[in-house]
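So the sequence lines, in the order shown, correspond to chains A and B. According to the numbering used here, the first sequence holds residues 1 to 207 in order. According to the numbering used here, the second sequence holds residues 1 to 301 in order.
In case anyone wonders, no lab produced these hints; they're calculated from the structure. Built from N, CA and C at the ideal position, the CB exists for glycine as well. You may find that some hints are simply not true.
[Unchecked claim] So the derived label-pair ranges between C-beta atoms look like this:
1) B:E298 to A:P110: 45 to 55 Å
2) B:E92 to A:D95: 41 to 51 Å
3) A:N167 to B:S195: 31 to 41 Å
4) B:P86 to A:R148: 14 to 24 Å
5) A:E65 to B:E150: 50 to 60 Å
6) A:T93 to B:E88: 31 to 41 Å
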Amino acid sequence: MNRKQKSIFLRGLLAALAISAVFAGPVSASPAWNFEGKSLEGSEVILGAAFESALTIPGLTTKCENFLYKLTIKNEAGSGKGELTEMPLFNCTTDSPACAVKSIGAETLPWPAHLTKVEPSNYIVIEKAKVGIVYSGEECSLDGLLVRITGTAGGLIDNTAETASFNPASFSATKTELKALSSKAEWGGVFPTEAFQWHRNQALTAS
Amino acid sequence: MRKYLKTTGAVGVALALASLASFVVAGPASAKLTGEFTKFEFCPYKTVGVRRCINSLTSGGEVVLGSKKVPIEKPVTLQGGYEEAPEEGPEEGFAKFVEATNGVTLSKAPQNVPGGLAGIVPEASSPPLVKALIKFFFENSLTGVTSTLELAKPASEIRINETHLAEGLGVTLKLPVKVHLENPFLGKSCYVGSSSSPIKLELRPDTTSPPKPNEPISGNPGEVTFLESARILKLSGVELVDNAWSAPGPSGCGGILSFLVNPIISAQLGSTTAGHNSARLKNTIWEATAAAVKKNFETEK
Numbered sequence: 001m002n003r004k005q006k007s008i009f010l011r012g013l014l015a016a017l018a019i020s021a022v023f024a025g026p027v028s029a030s031p032a033w034n035f036e037g038k039s040l041e042g043s044e045v046i047l048g049a050a051f052e053s054a055l056t057i058p059g060l061t062t063k064c065e066n067f068l069y070k071l072t073i074k075n076e077a078g079s080g081k082g083e084l085t086e087m088p089l090f091n092c093t094t095d096s097p098a099c100a101v102k103s104i105g106a107e108t109l110p111w112p113a114h115l116t117k118v119e120p121s122n123y124i125v126i127e128k129a130k131v132g133i134v135y136s137g138e139e140c141s142l143d144g145l146l147v148r149i150t151g152t153a154g155g156l157i158d159n160t161a162e163t164a165s166f167n168p169a170s171f172s173a174t175k176t177e178l179k180a181l182s183s184k185a186e187w188g189g190v191f192p193t194e195a196f197q198w199h200r201n202q203a204l205t206a207s
Numbered sequence: 001m002r003k004y005l006k007t008t009g010a011v012g013v014a015l016a017l018a019s020l021a022s023f024v025v026a027g028p029a030s031a032k033l034t035g036e037f038t039k040f041e042f043c044p045y046k047t048v049g050v051r052r053c054i055n056s057l058t059s060g061g062e063v064v065l066g067s068k069k070v071p072i073e074k075p076v077t078l079q080g081g082y083e084e085a086p087e088e089g090p091e092e093g094f095a096k097f098v099e100a101t102n103g104v105t106l107s108k109a110p111q112n113v114p115g116g117l118a119g120i121v122p123e124a125s126s127p128p129l130v131k132a133l134i135k136f137f138f139e140n141s142l143t144g145v146t147s148t149l150e151l152a153k154p155a156s157e158i159r160i161n162e163t164h165l166a167e168g169l170g171v172t173l174k175l176p177v178k179v180h181l182e183n184p185f186l187g188k189s190c191y192v193g194s195s196s197s198p199i200k201l202e203l204r205p206d207t208t209s210p211p212k213p214n215e216p217i218s219g220n221p222g223e224v225t226f227l228e229s230a231r232i233l234k235l236s237g238v239e240l241v242d243n244a245w246s247a248p249g250p251s252g253c254g255g256i257l258s259f260l261v262n263p264i265i266s267a268q269l270g271s272t273t274a275g276h277n278s279a280r281l282k283n284t285i286w287e288a289t290a291a292a293v294k295k296n297f298e299t300e301k
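Given these sequences and hints, build the entire structure.
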């Protein structure tokens, strides 16, 4: 390759890189899990209870006082991954005087999870989520019906507060969606991200 | 004393009549459902075994019978109640429908058949007698033909699967119907389908798997909203489809000339065997439990 050919090649390469950077958009390389600033090696278990959580299908909101979860996290090829293995839900109620929650539970666990970056923030995306709710109440229009909430949920990770927040903005940023009764369902919740195995009391960050 | 008794008696009778009259007047005024519950006016919610009330308004779509496509331009209402669905057996998940209290479970809305009589009975290929009659009717501008979807069986033969409706998957409504073709020339008894040989629509909000030459078509499960503090579930934009049904040939068309007219109409419709027909019904559906409707009624009394 002579000098002229090299020059053309380099210019082409630079142009290609510039174009790919433009088309890559705001989604950057996947972040990883870190404890005290060091990349997690092996796996860790995160246990927690939602500070607050509500699921809304237009006209009916369901809240659970006790929304627990167990998430196993690890890094794979430098990217943060995870598996939601348990999600017990207790003391759930609705905002309708006609409807009570007869039973509620996560189905087909574990649900895979991964970290993603949508500039300038990091998010955790829970995939293949499936929760079944049976409502009761003789006047409740869903009395006896099994309502399934399915889809993917994206939550904003706050490294300072050590929380993951799920809300319409985080769903929109991660292009994720939950559905119930064939309609879009809104899920809001704030979850602490604290390690409960090898890295207790260590600051967990996604970066 | 007698005068006093007589006066007292007259007053008593007048009072009794007045209270009776007020009761009669007050009666119908209080027997009303309110708000969104008025959709369930004709739900048999007092009937033992009725668990839910439903009102489904079809405001668009089309029915394709062989080569004839009839758009649904006039609204059709399916209303009534339904029982608890069996949890096992051949009808698992499919609840039995209960007739509307006014007897109009499926409202009759005659839809215009595009092309009218000319589109149903081709003048050129008709026998001379039929040709003469068509000419007579054409000249009298009575060429419009309507098609009405009617129940071919009692309402109790309708089946509804509320789980499939809620999830937007699978057969949701089984509807035995017949198509009533009406025009002075066709007479009053021109039907495709009958009570002994109904068109069995199995409508669904997802994708069909029809026999050829039809191709799969997709419905739409719609969007859910809750009304009256979640006592009423409203599904908007629901599209129920079926293009796997078959229809028998026409019968009773042309009155005493039916032996001549039935084959002509049959030829015009083309094949109506499975794979040649389709139905798409665009609906808004309201549902509530019978207990909620009853409570609304009693609260307003």
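Verification of the supplied hints:
no.: 1; hint: B:E298 to A:P110: 45 to 55 Å; verdict: holds (49 Å)
no.: 2; hint: B:E92 to A:D95: 41 to 51 Å; verdict: violated (33 Å)
no.: 3; hint: A:N167 to B:S195: 31 to 41 Å; verdict: violated (56 Å)
no.: 4; hint: B:P86 to A:R148: 14 to 24 Å; verdict: holds (21 Å)
no.: 5; hint: A:E65 to B:E150: 50 to 60 Å; verdict: holds (53 Å)
no.: 6; hint: A:T93 to B:E88: 31 to 41 Å; verdict: holds (32 Å)
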